[in-house]
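A.B. asks: Taken in sequence, the protein lines are chains Y and G. Going from the first sequence to my numbering is simple: count from 1 and add 23. Going from the second sequence to my numbering is simple: count from 1 and add 17.
Among the clues, some could well be false.
[Said to hold, decoys possible] As a list, the in silico DMTMM-like pairs of lysine to aspartate or glutamate whose alpha-carbon atoms are at most 25 Å apart:
hint : chain 1 : residue 1 : chain 2 : residue 2
1    : Y       : K216      : G       : E87
2    : Y       : K167      : Y       : E91
3    : Y       : K216      : G       : D29
4    : G       : K139      : G       : E158
5    : Y       : K103      : Y       : E179
6    : G       : K69       : Y       : E227
7    : Y       : K223      : G       : E72
8    : G       : K152      : Y       : E91
9    : Y       : K216      : Y       : E40
10   : G       : K152      : Y       : E40
Simulated from the structure, these hints should not be mistaken for lab results. No experiment lies behind these values; they were computed from the predicted model shown.
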Amino acid sequence: MYLLYSLRLAIQSVWREKWINLLSVLTIAAGLFMITLTFFSVYNMDLATKKLPAKFSMMLYLNEGLSEQDTGNIIAILKKNNAVERVRFISKDKALQELKGVLKNADYVLEGINENPLPASIEVKLKQESVSLPSVKKLAADIKKINGIEEVEYGEQFLNSIHSIKAGAQTLSLLLVVVMSTGIIFVCYSTVKIMFYRRKEEIETFKLLGATRGFIRAPFVIEGGLLGAGGGLVSLLGAIAFYYILFYKLAITMPILKIIVFPSEIFVALPFVGLMLGISGAIIALGRIRFS
Amino acid sequence: MIHFSNVSKVYDHQTALRNITFSVEKGEMAFITGPSGAGKSTLLRIIYLSEKPDEGSVTIADWELSKLKESSIPFLRRNIGVVFQDFRLLDNRNVFDNVAMTLRIRGIMEDEVKERVMDILKTVNLRHKADSFPKTLSGGEQQRVVIARAIVGEPTILLADEPTGNLDSDTAAGITRMFKDINAKGTTVLVATHNRELFRNTGRKVIRLDNGNMVGEEIG
Ligand SMILES: Nc1ncnc2c1ncn2[C@@H]1O[C@H](COP(=O)(O)OP(=O)(O)OP(=O)(O)O)[C@@H](O)[C@H]1O
Ligand SMILES: [Mg+2]
Numbered sequence: 024m025y026l027l028y029s030l031r032l033a034i035q036s037v038w039r040e041k042w043i044n045l046l047s048v049l050t051i052a053a054g055l056f057m058i059t060l061t062f063f064s065v066y067n068m069d070l071a072t073k074k075l076p077a078k079f080s081m082m083l084y085l086n087e088g089l090s091e092q093d094t095g096n097i098i099a100i101l102k103k104n105n106a107v108e109r110v111r112f113i114s115k116d117k118a119l120q121e122l123k124g125v126l127k128n129a130d131y132v133l134e135g136i137n138e139n140p141l142p143a144s145i146e147v148k149l150k151q152e153s154v155s156l157p158s159v160k161k162l163a164a165d166i167k168k169i170n171g172i173e174e175v176e177y178g179e180q181f182l183n184s185i186h187s188i189k190a191g192a193q194t195l196s197l198l199l200v201v202v203m204s205t206g207i208i209f210v211c212y213s214t215v216k217i218m219f220y221r222r223k224e225e226i227e228t229f230k231l232l233g234a235t236r237g238f239i240r241a242p243f244v245i246e247g248g249l250l251g252a253g254g255g256l257v258s259l260l261g262a263i264a265f266y267y268i269l270f271y272k273l274a275i276t277m278p279i280l281k282i283i284v285f286p287s288e289i290f291v292a293l294p295f296v297g298l299m300l301g302i303s304g305a306i307i308a309l310g311r312i313r314f315s
Numbered sequence: 018m019i020h021f022s023n024v025s026k027v028y029d030h031q032t033a034l035r036n037i038t039f040s041v042e043k044g045e046m047a048f049i050t051g052p053s054g055a056g057k058s059t060l061l062r063i064i065y066l067s068e069k070p071d072e073g074s075v076t077i078a079d080w081e082l083s084k085l086k087e088s089s090i091p092f093l094r095r096n097i098g099v100v101f102q103d104f105r106l107l108d109n110r111n112v113f114d115n116v117a118m119t120l121r122i123r124g125i126m127e128d129e130v131k132e133r134v135m136d137i138l139k140t141v142n143l144r145h146k147a148d149s150f151p152k153t154l155s156g157g158e159q160q161r162v163v164i165a166r167a168i169v170g171e172p173t174i175l176l177a178d179e180p181t182g183n184l185d186s187d188t189a190a191g192i193t194r195m196f197k198d199i200n201a202k203g204t205t206v207l208v209a210t211h212n213r214e215l216f217r218n219t220g221r222k223v224i225r226l227d228n229g230n231m232v233g234e235e236i237g
């Protein structure tokens, strides 16, 4: 096989055009680093919003004058639901007590009210995995159909906005990743294209001596791969530096940063992603090789 | 081995070949001659598939060229050694690497490449120049590097375009002798030259071109 020789040609070429190649590697590294930061942000946002609904609950306000039997039935029905984690019954009296607790010294506002105006309610805590916007909506609708429930209250707006912020951020980051990847492919494409044109004469001679397409392409594809992988490696160093600064320097003064998580699998992937982008750029740059 | 049948080639405003028909058999050594611009190089270029004829058909070693798949072209070319009129040496590689290219392209292992290249450089008396770069060689030396590159792959056909271009007659005679030796080992040889000395009294086939027309086929 000629691949060993192709590798030699590629390495020679990388060395001979070291400044162009260095520039490409740094550009690719910058792009990959930005992709890393994007992933990092999305990943943390995802984690953060996953933790939020853990505190999420629904309030069911009951009709006036339900018997204990009816209330018991409703609680039993709720407990049977898969999405429900915990159910807590708050009687009228308990509600008033809690309100008083909240008002503390300001409880004069309740003076003169003889009858307890607060309805009895049930607080339903949902299981974490079922707190997606559509499933909560459906659950609320289902619960509302149960006899004896006056009203269901849950943070619809809050959930809605979290949901749309998340979706927006994801779309934006996807867009950013696509743009960055295209940019990286383009950098590899142009670099390989330049190398190819510089060696056009030589390639013509190779063809006349009986070189196959594979033989002609291989050094350039390898070179593109090396550039990409090199960029990946540099961005990896950048990511490690970023990680280090974030957790060991900044986190000392800003402990809140400790809750941020850095998925280290992404480190390992960087050179590989670079390699793939580099190879793609090179293949596009070479296009179709003709012999006549 | 080489068959041209009514082959014509027209460049933009110039007819380079008109209605050419001839054959060179397996193991034969033949010459193409004619004045500058007669179409000699064009004819050779058609054989090594660097140009396509506009009309007529060309058969090389049972391959009808117009029916050849493009991806097969490299493999046909590996059977054809070419001494290019303009040499086509790679200036950024030394003599060894220039000659070795023929073999490396075929994926031959480095040990064998080294052995075969050194052997062939000995044949053309350039062993001592293996590490030199083409630009530092004399015209005759460069010519021999090109010949070495053409024959190191042991082709079935050897095409030589003006192989004695600017050489003195002694050096030219040496190169002609080399072609004879290669031919004696079974390689079909076709030499394009305007130098009559190369084929005079050889008893070989000489195809005469003038201004794209075939004006005669004779025995030198
Ligand atoms: N690529 C080309 N484009 C246009 N015209 C060409 C091209 N190559 C050759 N020609 C023309 O075709 C004719 C034949 O050229 P060719 O090179 O075959 O001649 P030749 O016999 O090899 O001449 P010489 O002895 O000078 O090498 C010439 O008139 C030349 O100008
Ligand atoms: Mg010529």
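A.B. asks: Look at each hint and say if it fits the structure.
C.D. replies: Okay, the hints, checked on the actual structure:
With a CA separation close to 23 Å, the supplied pair K216 (chain Y) and E87 (chain G) stays within the 25 Å bound. Using a Cα cut-off of 25 Å, the hinted pair K167 (chain Y) and E91 (chain Y) holds, with the two alpha carbons roughly 19 Å apart. Pair hint K216 (chain Y) plus D29 (chain G) does not hold up; C-alpha atoms about 30 Å apart against a cutoff of 25 Å. For the hint linking K139 (chain G) to E158 (chain G), the alpha-carbon distance of about 13 Å falls within 25 Å, and the restraint holds.
Simply put, K103 (chain Y) and E179 (chain Y) have alpha-carbon atoms about 23 Å apart, close enough for the 25 Å limit, and the pair holds. Distance check on the hinted pair: K69 (chain G) and E227 (chain Y) sit about 16 Å apart at the alpha-carbon level, within 25 Å; holds. For the proposed pair K223 (chain Y) and E72 (chain G), the alpha carbon gap of about 29 Å is over 25 Å, so the pair is violated. A threshold of 25 Å between alpha carbons decides the hint, and for K152 (chain G) with E91 (chain Y) the separation of about 106 Å lies outside it, so the pair is violated.
Annotation: proposed proximity of K216 (chain Y) to E40 (chain Y) holds, straight-line Cα distance about 13 Å (limit 25 Å). Of the supplied pair hints, the one linking K152 (chain G) and E40 (chain Y) holds, its CA atoms being roughly 22 Å apart against a limit of 25 Å.
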